[in-house]
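K.L.:
Each chain, letter by letter, is given below.
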Amino acid sequence: MNEKQGFKFFAVFLNMTWFALFVLAPGLMVVGISFLTRDISTFFAWPLTLDHYRELVDPVYAKVLKNSLVYSFNTTLLCLGIGYPFAWFLSRAPGHRRPLLLMMVIIPFWTSSLIRTYALVILMKANGIINTVLLAAGLVSEPVSMLYTDAAVYVGLVYSLLPFMILPLYAVLEKMDIRLMEAARDLGAGSFQVFIHVVLPLSLPGVMAGCIMVFLPAMGLFYIPDLLGGAKTMLVGNFIKNQFLTAGNWPFGSAASVFLLLLMVVMLGIYFFISTRFNRSQES
Amino acid sequence: MKRWIGISWVSTVFAFLYGPLLVLMVFSFNQARYTSEWQGFSLTWYASLLENQYLLDAFVNSLTVAFVSSLAATAMGTLGAFAIAWYRFAGKKLFFGLVYSVMMSPDIVMGISLLMLFVTAGIHPGFFTLLVAHITFCLPFVIVLVHARIAGFDPAVVDAARDLGAREHEVFLKIVFPMILPAVLAGWLLSFTLSLDDVIISFFVTGPGFEILPLKIYSMVKLGVTPEVNALCTILFVLTLAAVLVAHFLIKEKKK
Chain A
0 MNEKQGFKFF AVFLNMTWFA LFVLAPGLMV VGISFLTRDI STFFAWPLTL
50 DHYRELVDPV YAKVLKNSLV YSFNTTLLCL GIGYPFAWFL SRAPGHRRPL
100 LLMMVIIPFW TSSLIRTYAL VILMKANGII NTVLLAAGLV SEPVSMLYTD
150 AAVYVGLVYS LLPFMILPLY AVLEKMDIRL MEAARDLGAG SFQVFIHVVL
200 PLSLPGVMAG CIMVFLPAMG LFYIPDLLGG AKTMLVGNFI KNQFLTAGNW
250 PFGSAASVFL LLLMVVMLGI YFFISTRFNR SQES
Chain B
0 MKRWIGISWV STVFAFLYGP LLVLMVFSFN QARYTSEWQG FSLTWYASLL
50 ENQYLLDAFV NSLTVAFVSS LAATAMGTLG AFAIAWYRFA GKKLFFGLVY
100 SVMMSPDIVM GISLLMLFVT AGIHPGFFTL LVAHITFCLP FVIVLVHARI
150 AGFDPAVVDA ARDLGAREHE VFLKIVFPMI LPAVLAGWLL SFTLSLDDVI
200 ISFFVTGPGF EILPLKIYSM VKLGVTPEVN ALCTILFVLT LAAVLVAHFL
250 IKEKKK
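Residue numbers (numbering that gives the first Met the number 0), protein chains in the order written: chain A, 0 to 283; chain B, 0 to 255.
A few of these clues could be false.
[To be verified] Once the Cα atoms are required to be at most 30 angstroms apart in a straight line, the calculated BS3-like pairs of lysine-lysine come out as:
{"#": "1", "chain 1": "A", "residue 1": "K174", "chain 2": "B", "residue 2": "K221"}
{"#": "2", "chain 1": "A", "residue 1": "K7", "chain 2": "B", "residue 2": "K91"}
{"#": "3", "chain 1": "B", "residue 1": "K91", "chain 2": "B", "residue 2": "K173"}
{"#": "4", "chain 1": "B", "residue 1": "K251", "chain 2": "B", "residue 2": "K91"}
{"#": "5", "chain 1": "A", "residue 1": "K174", "chain 2": "B", "residue 2": "K251"}
{"#": "6", "chain 1": "A", "residue 1": "K62", "chain 2": "B", "residue 2": "K221"}
{"#": "7", "chain 1": "A", "residue 1": "K3", "chain 2": "B", "residue 2": "K91"}
{"#": "8", "chain 1": "B", "residue 1": "K221", "chain 2": "B", "residue 2": "K173"}
For the record, the hints were derived by calculation from the structure and aren't laboratory data.
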């Protein structure tokens with residue numbers, strides 16, 4: 000074996016082994032254990048069963064899944080509604096300002112979502128800053144309860160996930176050829192028509208990517224309802240956490256995780272379907 | 000008119016993104032303990048952090064895990080990026096698939112899957128399990144970043160070096176490595192911040208004997224807000240901010 004082959008073997012082998020051991024194997028364990036029976040001492044045991052999946056669609060638990068899907072869906076819509084115009088304006092900002100503005104989106108993208116959630120807590124709590132300001136200004140006579148409401152959970156989710164929507168949108172909008180819009184306008188299209196027939200279709204891959212990057216994590220961010228929503232609002236993430244750490248029911252928690260993985264596969268499938276069709280239509 | 004709508008929309012969203020963080024940072028210097036009224040500038044809470052041995056231990060643990068895991072992920076991920084860019088090998092598609100599935104799959108699924116792996120294998124949760132988990136979720140980011148850089152340069156440069164008689168390790172150390180260095184450093188810094196900030200995955204793979212800062216903050220906030228947490232969060236935020244800024248600068252440099 001010469002030097003080059005040695006390097007290749009080392010690079011490939013090391014990475015493949017790591018991913019096989021710590022991504023593939025645990026991933027397969029999740030799927031496998033979701034079909035096994037719960038056991039108090041060994042966590043899981045034979046025989047194979049579909050009980051956990053049956054339980055998931057049982058009204059009690061189906062409600063958790065449904066609630067979580069609703070939270071994710073609304074969060075995605077809110078992020079899209081706020082993020083799309085934002086990304087658009089950003090992509091049309093003067094060229095010399097854009098790097099700084101983009102940087103300002105990237106900073107919250109990378110900084111701890113827990114710290115940012117905590118910042119919301121100190122703003123919204125009963126003797127928090129918003130209430131202190133409102134009381135001092137005489138706008139309210141007693142503190143408004145903001146924390147531990149649905150609205151607070153939504154604010155938290157949007158606050159944490161908005162950058163994940165903006166960045167992919169910005170990436171497609173910035174690359175968009177402005178001449179296409181001018182052409183549409185010259186041919187008599189109004190602003191709304193230009194948006195519907197030119198801008199929106201061209202930005203579709205970015206919209207899809209942004210929606211996936213908001214929708215999926217929104218199912219799992221258990222600490223947001225924990226810190227902002229009290230116990231009554233539950234995401235699939237909270238449910239899985241409880242199954243593993245409180246109930247000790249690995250197979251049931253795994254089944255719920257498989258649900259999340261399936262959701263991911265479906266969403267990525269749609270994304271690739273749309274983006275390959277998109278690329279093909281771009282080429283022709 | 001249209002311009003003003005744009006400017007106000009962008010400023011409002013930035014105010015939303017940065018307002019709470021700014022308030023948090025300003026109030027970490029507030030004298031008051033129980034109220035949210037401003038009672039004067041003070042470093043009391045930073046001083047009391049320094050006396051809190053539990054928090055200091057957690058902080059040192061977090062830094063250790065972040066440092067070691069980001070270094071390991073960077074080394075391995077750089078090799079992985081080369082594997083993808085330069086070589087054909089069996090299972091390359093699967094490898095690609097795994098890289099992207101780690102980036103896309105919800106953190107909680109990764110957390111519980113590693114928890115089950117470690118428990119079943121009889122490995123006690125603690126420093127080692129955290130390290131493995133953090134390396135695993137940082138790896139794909141390094142691979143993607145460095146791969147983009149490798150794909151971006153002219154392969155003829157490498158051929159030229161070989162033709163001129165450079166040996167394989169010389170090609171790597173003298174030609175390739177300097178070219179990919181910015182991406183490697185950026186990958187390292189971003190891995191460091193990812194590791195330092197992670198809550199969900201760490202939540203499942205650490206044990207009671209090994210506390211790390213984000214989880215400590217999480218449990219402190221659940222028990223009630225104290226001014227020390229403000230100070231702690233401010234420090235952590237400034238630390239990640241610095242790493243992200245440098246990383247961003249390095250990634251931008253590569254495009255020139």
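K.L.:
Each hint should be assessed against the structure and marked as holding or not.
P.N.:
Structure-based check of all given hints:
In summary, the hint linking K174(A) to K221(B) is not supported, as the alpha carbons are separated by about 44 angstroms, beyond the 30 angstroms threshold. For the hint linking K7(A) to K91(B), the alpha-carbon distance of about 13 angstroms falls within 30 angstroms, and the restraint holds. As the CA atoms of K91(B) and K173(B) are separated by approximately 28 angstroms, the hinted pair is consistent with the 30 angstroms bound. Taken as a hint, the K251(B) and K91(B) pair is honoured in the structure, with Cα atoms around 29 angstroms apart against an allowance of 30 angstroms.
Straight-line distance between C-alpha atoms of K174(A) and K251(B) comes to about 17 angstroms, which keeps the hinted pair within the 30 angstroms bound. Restraint check: the Cα-Cα separation between K62(A) and K221(B) comes to about 26 angstroms, which is no more than 30 angstroms; the hinted pair holds. Proximity of K3(A) to K91(B) is assessed by CA-CA distance (about 18 angstroms); at most 30 angstroms being required, the pair is judged to hold. For the proposed pair K221(B) and K173(B), the alpha carbon gap of about 52 angstroms is over 30 angstroms, so the pair is violated.
Comparing the model with each numbered hint stated earlier shows that hints 1 and 8 do not hold.
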